[in-house]
Each structure stands twice: as structure tokens, then as C-alpha cells.
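Build out the structure end to end from the sequences listed, making use of the hints.
Number of protein chains: 2
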Amino acid sequence: MGLGRCNLARALFVFCAALAIGVVVCALSSANGQTRKPPLVRIAELEIDSQQLFAYRDALKEEIATSIRLEPGVLTLYAVALKDHPNQVRIFETYQDQAAYESHIQTPHFKKYKNETQGMVKSLKLVEAEPILLGKK
Amino acid sequence: MGLGRCNLARALFVFCAALAIGVVVCALSSANGQTRKPPLVRIAELEIDSQQLFAYRDALKEEIATSIRLEPGVLTLYAVALKDHPNQVRIFETYQDQAAYESHIQTPHFKKYKNETQGMVKSLKLVEAEPILLGKK
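Chains A and B, in that order, give the protein sequences.
Counting from 309, one number per residue, gives the positions in the first sequence under the working numbering.
Counting from 309, one number per residue, gives the positions in the second sequence under the working numbering.
Please keep in mind that the hints were generated in silico from the structure rather than gathered at the bench.
Fair warning: there could be bad hints in the mix.
Heads up, the list lumps identical chains together, so a pair's fine if it works in one copy or across two of them.
BS3-like, lysine-lysine: derived pairs with alpha carbons at most 27 angstroms apart [claimed, not checked]:
(1) K445 to K420
(2) K420 to K444
(3) K419 to K444
(4) K430 to K420
(5) K422 to K445
(6) K419 to K445
(7) K419 to K433
(8) K345 to K422
(9) K345 to K433
(10) K391 to K445
(11) K369 to K420
(12) K445 to K369
Here you go:
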């Protein structure tokens, strides 16, 4: 019986230790409720027809605002124009994962943006990137 | 006395209206306690010596983490490596304003990063940009 209790205590200890390790691993793998898997990052480099720059910017702003509002997996769409070349646009895009990106390009608002702007975009280059550190406030 | 009261009421009305307009203007010019002035944005494009890539990434990560933690005016330092060219680094930087940027480059942690990495960075291009829309969660 003495040995039985000892074994029981040992089993209980091992179980509790495993549970504690599980909790720690789970906590480490999550941050603010999101998985730690790095997001998908891409930089879009666009050249816009100067004659249609304002119309393009309006369409882009609408698309970004809608994506951020409606799509949980769209984390950032930071769109900027280069100071010295305002028709050169860069969009710093981060998505929760590949699935979030695939879903994004199937949305009605993204398709509307693509249709509206196809005659405005003179060139588009999508640069795939991997996070080193995405530092933000 | 009747006219006096009337004038007093009118003055009070004008005062209250001016106060209300002031409050509305103030509210419109602020968002989440910050001014609506667009942040200063720049994209840093760096080429790193491939032999020193890991050391560079460590120094960069330390600099970013410290800047975000200590400097209220440093809003994002999103550092990524291009997938096809890992020694090509891009940093999407946003600062609250020019003063925040000037202050940033005078900090001990930024100077430490610059000193440590000066022999690792083969080229550095700073591209000034203006926000179109910085959409984020």
C-alpha cells in the first residue's frame, strides 16, 4: 500500500508537471489571443497613371477601409505615396496567414477595387517578405 | 431691464455656441488622444553583408524593441527581409512627427545600433513617403 501511494503520488506529480508544461507552452505560443505564427507579409509596388491619381487613391482608400473593417485576417494595409514620385505607391500588407490572404482576394470589395483600378495601374510588383520584427505601439 | 436680460441671454447663447463649436473642432482634430496630423513615414531599404546577416538581424531587433518600448513618438518599425533575397531588408517606419524622428536618432540605443552595424550594411536608401491610408487592426 505504501508503494501504491508512492506510485500514485509520482503519477500525480508527472501529470501536474505535464499539465504545467502544456500551459506554459500554450501561453508562449500565444500573444494577445493570436497564434505566434508570423503573419504573411508582402510589399506591393505600384505605378499609377498620373492623370488618374486622385481616382486611384479614392478607390484604394475605400478598399483598405473595408478590408480592415470586415476581414479579421487583414492586419495592416499601409498605403503610402513616395514623396518625390507621388504616382509611385507602396502598400505594406500583413495578413494573419495564407488563408486570410486567399480569402481577401475573393471578397467583393477587393474585386471591385481591382475592376475599378485596372485602367489606372501602369505596373504592379508584389514582393514577398518575411518578418524580422514587426515593432509597433 | 427687459432689454438687459435679453442681451444677457443672447450673449450667453453666443458664448455657449462658441464653446460647442470649439469642443467639436477639438474633437475632430483629435483621434484617440493623438492629433490628426499624419505621421512621418519612411521606408528604409538596406542591403546587408550576407556573412553578417544573423548578427545584423539581432542588432536590428534589439534596436526596434527598445525604440518601441521607450519612445512614445516611434509608432511602427516593421522590419522584413525579402523572401528571394534575405540580405535585402526593408523597414517601414512611422513616427508621430519630425520631432519624434529627430529625437529617435539621438537616442543611445539608435546610436548603439548604428555603431554596431556600420560594417554590416552594404547600402542604405531612405525613401520618404506620405500616407494615403494607414489601415490597421
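Outcome of the hint check:
1. K445 to K420: between (32 angstroms within a copy, 22 angstroms between copies)
2. K420 to K444: The answer is between: 20 angstroms across copies meets 27 angstroms, while 31 angstroms in one copy does not.
3. K419 to K444: between (30 angstroms within a copy, 20 angstroms between copies)
4. K430 to K420: within (18 angstroms within a copy, 42 angstroms between copies)
5. K422 to K445: Classified as between; 22 angstroms across copies, 31 angstroms inside a copy.
6. K419 to K445: between (32 angstroms within a copy, 21 angstroms between copies)
7. K419 to K433: Intra 18 angstroms, inter 34 angstroms, cutoff 27 angstroms: intra-copy only.
8. K345 to K422: Neither: 29 angstroms inside a chain and 30 angstroms across chains, both beyond 27 angstroms.
9. K345 to K433: Within one copy only: 25 angstroms inside a chain, 30 angstroms across chains, cut-off 27 angstroms.
10. K391 to K445: both (24 angstroms within a copy, 26 angstroms between copies)
11. K369 to K420: within (12 angstroms within a copy, 38 angstroms between copies)
12. K445 to K369: both (23 angstroms within a copy, 15 angstroms between copies)
The structure shown violates just one earlier hint, number 8.
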